[in-house]
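In case you want the letters, here they are:
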Amino acid sequence: MQIIENLKVKERVYQEKLDNGLTVLIIPKRGVEKKYMIWGTNYGSNDSTFIVPGEEKETQVPNGVAHFLEHKLFEQENGTNSLDTLTALGVEANAYTTNDHTAYLFECTGNFYEAMDELMDYVQHPYFTDENVEKEKGIIGQEIMMYNDYPDWRVYLNTMQAMYHNNPIKIDITGTIETINKIDKDILYKCYNTFYNPSNMVLVVAGDFEPEQMIKEIQKRLIEKKSNGKITRIYPEEPESIVQATIEEKLEVSQPIYTIGIKDKVKECSFENKNEIVKKHIAIEILLKLILGKSSNLYQQLYNEGIISAQPSLDYEFGKTYAHVLITGQSEKPEQVYERFKEEIRKLKTEGVNEKDFNRIKKTIYGAYIKEYDDVVDISRMFLADYFKGINSFDYLEEIEGINVEYVEQMLKDVFKEEKMVLSIVKN
Amino acid sequence: MIKTDKFKTNLIAVFLTTELNRENVTKNALISSILRRGSQNMNSQEEISKQMEEMYGASFDCGLDKIGDNQILKFYIEVINDNFLPQNDVNILQNSIEKILDIIFNPYIENEAFKKEYVEQEKNNIRKIIEGKIDNKAKYAMDRCIEEMYKNEPYGLYKFGYIEDLEDINGKDLYEYYKQLIQDCKIDIFISGIVDEKISEFIENNDNIKKLQERDPKYIIPKVELKQKTEQEKVIIDSMEVSQGKLILGLDVSLENPDLRYTALLYNGLLGGSANSKLFQNVREKAHLAYVASSSYIRYKGNVLINCGIDIENYQKALDLIKQQIEEMRQAKFSEDEIENIKQGIIDTIKTIKDEQDTQITYYFSQELSQENVSIDEYIEKIQQVTKEDIVKVANEITVNTIYFLKD
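Protein sequence lines correspond, in order, to chains A and B.
Counting along the first sequence from 1, when you hit position 339 you're at 339 in the working numbering, and nothing is skipped either side.
Counting along the second sequence from 1, when you hit position 23 you're at 451 in the working numbering, and nothing is skipped either side.
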């Protein structure tokens, strides 16, 4: 078992790859009541075209299968539903799907091992019938309708439409009513058998546990399954350019909601360049705060002029096939926010980054990383999501120290390019 | 003071509690926004932000809450504790306590008034927040249902106030009101983290604290309301651009004595508080009418709110099915096993209170406010004692007050 320790945040992660290919991460937290288990597979809404190991032909499935599978895995052959069983144990169970992974989880204080029995059992035993697949279409249909009423989600998805020509990041995680109607049990089994192989999965446990003991508990509950070899995923070619500079949708909102997106180039994360990817991520976080954080000139100006009334969210999202900056907020004049943002970037490029501001923001980001390590839920989710990107979450704490003004200025030039920017607006 | 070394951070919370009423609700909301604009020592928001960033990104946050018939102005600073500072920066905790007290009790004043510019800008911001109520349709539907249930009563008030009340407020009158508020309100300060006696001494000796006067705070001690059964249910239907209808049912829980609130909590768990509940199982899993089908319990006001997102044409079908669940609760159609499961779930949640600093502070604050002082162990004990008979009895005292539907 590999032990990774970080002295800055004073935490340890125990990592083990089991014989069947499953990766296990254990994060012990002494003296904490809450326990958390999350089992993820490297399979999300982006993975609709792939080659099943052992086959030659490529398989294409309708959009929304990963999310549909997430719903259906809870159903058991004996007629019970695992979500009910887990809830009956008094634990809080859930599951979610992102564009690159699907995860099943529970948190609890008591009944941990009973819940673990159930979680590990249902994830390993799919049971799909024509009838139970049909039934789920109604529930997921309501979920899709619910998201259609969320302006935040609409503005996000439209940003993806404007930035990406072909990359599946632009499709809805749930699929649409049309695509989910094409899903049947054979498709679900095919995707399950391909992607729910231990070699494609990671199990993370956090709480007051002995790591060695926990590994044994996990092994006891694994059914026999062979590592099935490499899954070839096929993603469409994506040009570097954006699709359209602006995109708008009408929805009843009190004030326009906007997202500024900046499409970035993607480098496949490998062991050799993972530090570079982490460093880039940190540098972009620093830049975003310098440009539009609470202490920035631009934020203060826009606030005082009444153009914005709260801090926009500032994010850098990336995966194996996509990367972009996202700035989301509400304003009566989103076009002005956008123009001023571009102006500020031009200014920063000519004048350079102020050393004092840089150091202050760096301290802030360091503090934010430390804060991630309080809750077993946050820690586990972070390690899981980063793992699927090829990153160990501790890397952020290690890399931040070495970041300097020159590096950040370089990233400003590389990433914040006007021809890569889009503006998405949702308004009345 | 909550002494714990379990966390990477120290959390400081200051709560100002005052009576909720139409006259002051908007002013209080505005004060909370204006205070974060600047103090005598940090004149602008920019200055405050810079100071926070220097303390390794201490996060300063403020918010508003309603507990019973009170409005609470909440202020927080979360700061990483000294064990995790890369260099030997010291007294970051004391420093942040000084800052938060400065922001609340020593605001930026010009000519005996809040700065005009700040007042006008924040009036505008509050107006946007109030207008923004419609952005989250599900939340909006619930707020509207509460508003209808508590028409002309304090609890029906929106915590950010009213646009028409904003106009007449100016910096001078508001500052006068602020001074009165600080003199009369209940003030609670909580600190969770690596703390010792020196910290409470430090707070007591803080100039801003020393200048506060002794008081008999003006607020309403929240008591579990023992209300009457509703005779006639109200139906309210609003129209808005939505693709999914939001159906809310506001129930009145009439209790014989306050201790029955633990029973009501279990009632809520069985009805719609979990994935095993009647609503989730029947409205979502069996009838496939909804993705969200749940309920929540408002303890001090004695209400259960049912919340469903449905196809608009399924209104009657969903309503009938929900009412059937309420009826089945009255007829004791649930098992001992189900009760045990819900109990276990609630107890599990109670046990994790200690694992989160803000949850723990919120818990102790509500105990302090209601003067109940129920410890976490007692709380668990009370939950365990509830029987099926108790739940059925409470179920028969529960009536539908308001049916609210938001459609297109």
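Hints in this document: simulated from the structure, not taken from any laboratory.
Think of the CB as a built atom: it goes at the ideal place given N, C-alpha and C, for glycine as much as any other residue.
Any given hint could be a false lead.
[Claimed, not checked] If you want the footprint, here are the derived chain A segments under chain B, 3+ residues with CB under 8 Å:
hint : segment
1    : 120-126
2    : 199-210
3    : 233-245
[As the list claims (entries may be wrong)] With the Cβ distance kept under 7 Å, some of the chain A side facing chain B (calculated, not the full set):
hint : residue
4    : D84
5    : L188
6    : I291
7    : S295
Going down the list of hints, with the structure as the test:
{"no.": "1", "hint": "120-126", "verdict": "violated (count 0)"}
{"no.": "2", "hint": "199-210", "verdict": "violated (count 0)"}
{"no.": "3", "hint": "233-245", "verdict": "violated (count 0)"}
{"no.": "4", "hint": "D84", "verdict": "5 Å, holds"}
{"no.": "5", "hint": "L188", "verdict": "18 Å, violated"}
{"no.": "6", "hint": "I291", "verdict": "14 Å, violated"}
{"no.": "7", "hint": "S295", "verdict": "4 Å, holds"}
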